[in-house]
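Student: Hey, can you work out the whole structure from these sequences and the hints?
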Amino acid sequence: TQLLEQSPQFLSIQEGENLTVYCNSSSVFSSLQWYRQEPGEGPVLLVTVVTGGEVKKLKRLTFQFGDARKDSSLHITAAQPGDTGLYLCAGVQAGTALIFGKGTTLSVSS
Amino acid sequence: NAGVTQTPKFQVLKTGQSMTLQCAQDMNHEYMSWYRQDPGMGLRLIHYSVGAGITDQGEVPNGYNVSRSTTEDFPLRLLSAAPSQTSVYFCASSPLAGGMHEQYFGPGTRLTVT
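Going line by line, the protein sequences match chains R and W. Residues 1 to 110, numbered by the numbering used here, are exactly what the first sequence covers, in order. Residues 1001 to 1114, numbered by the numbering used here, are exactly what the second sequence covers, in order.
Calculated from the structure, these hints are not laboratory results. Be a bit skeptical, because a hint or two may be false.
To be verified - Here are the in silico distance ranges between beta carbons for each label pair: (1) R:Pro39 x W:Asp1056: 27 to 37 Å; (2) R:Asp67 x W:Ala1082: 37 to 47 Å; (3) W:Thr1007 x R:Ala68: 12 to 22 Å; (4) W:Met1027 x R:Ser30: 16 to 26 Å; (5) R:Leu3 x W:Pro1107: 18 to 28 Å; (6) W:Thr1005 x R:Ala68: 31 to 41 Å.
C-beta atoms are modelled at their ideal positions from N, C-alpha and C, and glycine is treated no differently.
Tutor: As structure tokens, then:
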């Protein structure tokens, strides 16, 4: 059973378009993280959200944690080719190790 | 700081061979972990450690051993490699303080077992 479901699995868009990636669960998490991974490299942490309803912005990236702390979204405005990569969400539950979703592969073409 | 380092970068093994994947971190993080990444499967936790002398199993521990004799090092051993262990392996570290488990990943080891 996959605790964290990410959608879509693949996304191919043109430069300048907006997009949203979703991370959903039936479980409650104490915090949720988003990572980006480029080919041949390890994932790199983008942001951690902790409070239900919390919104964090990182330049053109906007991250939101659901009110019930069961889901999160990543919105990218005016995507650029440099945004290409695998986006992973990961949830922390009390007393357990970090749980990763399977990821969304984003391709932005110019 | 070098962060998290992993060696080797690439490795090819024959079925039945053994080897050790090395992982080291210089951030004085208490928590270290090993993941494998396979197409369509995401990152799956193999083993983790919350400090020197303490290790525990993750989601997919079979076929792998670990030990944590120092804070800095967390090697992963394959005792008898199998083709099912062909994967990309990532080591990660994290400070325990704050309970956020924010992971710092190494660059990965791409392992092929023939």
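Student: Hint by hint, say whether it matches the structure.
Tutor: Structure-based check of each hint:
1. R:Pro39 x W:Asp1056: 27 to 37 Å: Distance hint for Pro39 of chain R, Asp1056 of chain W holds at roughly 31 Å.
2. R:Asp67 x W:Ala1082: 37 to 47 Å: 45 Å, holds
3. W:Thr1007 x R:Ala68: 12 to 22 Å: Roughly 43 Å apart at Cβ, these two residues miss the hinted range, so it is violated.
4. W:Met1027 x R:Ser30: 16 to 26 Å: Taking Cβ atoms as reference, Met1027 of chain W and Ser30 of chain R lie about 23 Å apart, which means the hint holds.
5. R:Leu3 x W:Pro1107: 18 to 28 Å: Holds - the Cβ-Cβ distance for Leu3 of chain R and Pro1107 of chain W, about 27 Å, lies within 18 to 28 Å.
6. W:Thr1005 x R:Ala68: 31 to 41 Å: Holds: the Cβ-Cβ distance is about 39 Å, inside 31 to 41 Å.
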